[in-house]
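Number of protein chains: 2
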Amino acid sequence: MSNQEKNRTTVEIHGQSYIILGLESPSHIRYVASLVNEKMREISSKNPSLDVSKLAVLTAVNAVNDYVKVKEQLEKLQEELKKEKD
Amino acid sequence: MSNQEKNRTTVEIHGQSYIILGLESPSHIRYVASLVNEKMREISSKNPSLDVSKLAVLTAVNAVNDYVKVKEQLEKLQEELKKEKD
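As given, the protein sequences belong to chains W and S, one line each in that order.
The letter at position 64 of the first sequence is residue 55 when you use this note's numbering, and the numbering goes up by one with no holes.
The letter at position 37 of the second sequence is residue 28 when you use this note's numbering, and the numbering goes up by one with no holes.
Next up, chain W with everything else stripped away, as it sits in the complex (with noise of 0.2 Å):
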């Protein structure tokens, strides 16, 4: 797909402007955009001698630990439904 059929977002995330390419929604960039800005705020509050580089590497950390999870979950009820199917 190329990039002419993607959106362009632009967001605000801890006070600098990204612009997010991607077939995501507008809206959708944007409410990820501020679980970011949330999740960055409570991590840089508790650790606020944190440089923004770290402080964003401890976000992304944070963020995929969340996914791993989740994705884990899903793993597993997926599992569950589909032994039962059997």
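By construction, these hints were calculated from the structure, which means they are not laboratory data.
Accuracy of the hints is not assured; some may be wrong.
Identical copies look the same in the list; a pair holds intra-copy or inter-copy alike.
[Said to hold, decoys possible] With a cut-off of at most 27 Å between alpha-carbon atoms, the simulated BS3-like pairs for lysine-lysine come out as follows:
| hint | residue 1 | residue 2 |
| --- | --- | --- |
| 1 | LYS45 | LYS(-3) |
| 2 | LYS(-3) | LYS73 |
| 3 | LYS73 | LYS45 |
| 4 | LYS(-3) | LYS67 |
| 5 | LYS60 | LYS(-3) |
| 6 | LYS(-3) | LYS74 |
| 7 | LYS74 | LYS37 |
| 8 | LYS(-3) | LYS37 |
| 9 | LYS67 | LYS37 |
Owing to the predicted nature of the structure, the values given are computational and were not obtained by experimental measurement.
With chain W held as given, fit chain S onto it using these hints.
Relative to the frame of chain W, chain S by itself:
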């Protein structure tokens, strides 16, 4: 829960060491860190001019996006199951 009961895991992400405090096992944290590293490398290879903090923020956006999607899938499946039982 006090810090004493949390695991301290040192991981390296994008050439920088981080101490992660959490209830998760060190092996889980190392797995999460390896996913963050991979995502950062992938985004960096597509956008070689990004500085580390922007790269990390975009990695966090990417991770939260993945999280939101899989979370929606999980909720949809849970709702379907609930309907089946009703």
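Taking the hints in turn, this is what the structure says about them:
{"no.": "1", "hint": "LYS45 <-> LYS(-3)", "in the structure": "between (30 Å within a copy, 21 Å between copies)"}
{"no.": "2", "hint": "LYS(-3) <-> LYS73", "in the structure": "neither (36 Å within a copy, 36 Å between copies)"}
{"no.": "3", "hint": "LYS73 <-> LYS45", "in the structure": "neither (42 Å within a copy, 42 Å between copies)"}
{"no.": "4", "hint": "LYS(-3) <-> LYS67", "in the structure": "between (33 Å within a copy, 26 Å between copies)"}
{"no.": "5", "hint": "LYS60 <-> LYS(-3)", "in the structure": "between (29 Å within a copy, 18 Å between copies)"}
{"no.": "6", "hint": "LYS(-3) <-> LYS74", "in the structure": "neither (39 Å within a copy, 35 Å between copies)"}
{"no.": "7", "hint": "LYS74 <-> LYS37", "in the structure": "neither (43 Å within a copy, 41 Å between copies)"}
{"no.": "8", "hint": "LYS(-3) <-> LYS37", "in the structure": "between (37 Å within a copy, 16 Å between copies)"}
{"no.": "9", "hint": "LYS67 <-> LYS37", "in the structure": "neither (33 Å within a copy, 34 Å between copies)"}
When each numbered hint is compared with the structure, violations occur for hints 2, 3, 6, 7, 9.
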